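So the sequences go chain by chain: H and F.
Counting along the first sequence from 1, when you hit position 84 you're at 84 in my numbering, and nothing is skipped either side.
If you count the second sequence from 1, you need to add 1000 to reach my numbering.
Bear in mind the hints are in silico, worked out from the structure with no lab data behind them.
Errors might be hidden in some of the hints.
[As the list claims (entries may be wrong)] Calculated pairs, DSS-like style, for lysine-lysine (alpha carbon to alpha carbon, straight line, at most 25 Å):
#, chain 1, residue 1, chain 2, residue 2
1, F, K1037, F, K1005
2, H, K44, F, K1112
3, F, K1068, F, K1056
4, F, K1037, F, K1068
5, F, K1068, H, K103
6, F, K1071, F, K1054
7, F, K1037, H, K103
8, F, K1071, H, K103
9, H, K71, H, K27
10, F, K1054, F, K1112
11, H, K27, F, K1056
12, H, K51, H, K62
13, F, K1056, H, K103
14, H, K44, F, K1005
15, F, K1112, H, K103
16, F, K1005, F, K1054
17, F, K1056, F, K1005
18, H, K103, F, K1005
19, F, K1054, F, K1068
20, F, K1056, F, K1071
21, F, K1071, H, K44
22, F, K1037, H, K71
23, F, K1068, F, K1005
Keep in mind that this is a model prediction, so the values were computed, not measured.
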Amino acid sequence: NAGVMQNPRHLVRRRGQEARLRCSPMKGHSHVYWYRQLPEEGLKFMVYLQKENIIDESGMPKERFSAEFPKEGPSILRIQQVVRGDSAAYFCASSPRTQSGEKLFFGSGTQLSVL
Amino acid sequence: DQQVKQNSPSLSVQEGRISILNCDYTNSMFDYFLWYKKYPAEGPTFLISISSIKDKNEDGRFTVFLNKSAKHLSLHIVPSQPGDSAVYFCAASGRNQGGKLIFGQGTELSVKP
């Protein structure tokens, strides 16, 4: 039973380019979360999605960032016109339910570096 | 506004001794607290959790204590092993917030043989 799969593991972009990060949740999990970890900081919630629906995007920057979880295929976190401050580790997590105290299963993350 | 704080960036402990990692929070509406462990170049993995209606939860070598009046929780690892060396994150979730976790900054634990 494969865990949460994220790709690519490392992504290098120049300022102004687009970054696309992919996440396939664990089998049987329909709830997907994206978190970002800046250097020397904890993980910060960005967005919570279910299939074809964005449930909570309160942690997403208002501009340049978008997320989707289509009916078929992985969840995508898209960052347009990247800037140096977007350099961070982006983690995806999934769960089978969304109740309080639910254990999340994290992927290994995508390290985004913006030159 | 840091709602979950881990004030010790690092902790060093001798193998076989107890490791105590601390976490403070400010929001009294949090109803679940979780600890995650993270190795370099990997994602966090769930370790143990506690509901706000309890004051202690134990799982093998790991015990989490919750003091609601002080808004403080701690993770005890005993005995500590070199393989426990990792970054430990405390996290909290509000009622009906499910997987929307508020993480602390993390404490890097080093267990020396």
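Okay, the hints, checked on the actual structure:
no.	hint	in the structure
1	F/K1037 to F/K1005	holds (16 Å)
2	H/K44 to F/K1112	violated (30 Å)
3	F/K1068 to F/K1056	holds (11 Å)
4	F/K1037 to F/K1068	holds (23 Å)
5	F/K1068 to H/K103	holds (21 Å)
6	F/K1071 to F/K1054	holds (13 Å)
7	F/K1037 to H/K103	holds (13 Å)
8	F/K1071 to H/K103	holds (22 Å)
9	H/K71 to H/K27	holds (14 Å)
10	F/K1054 to F/K1112	violated (32 Å)
11	H/K27 to F/K1056	violated (32 Å)
12	H/K51 to H/K62	holds (22 Å)
13	F/K1056 to H/K103	holds (18 Å)
14	H/K44 to F/K1005	holds (13 Å)
15	F/K1112 to H/K103	violated (30 Å)
16	F/K1005 to F/K1054	holds (20 Å)
17	F/K1056 to F/K1005	holds (20 Å)
18	H/K103 to F/K1005	holds (20 Å)
19	F/K1054 to F/K1068	holds (9 Å)
20	F/K1056 to F/K1071	holds (14 Å)
21	F/K1071 to H/K44	holds (21 Å)
22	F/K1037 to H/K71	violated (32 Å)
23	F/K1068 to F/K1005	holds (15 Å)
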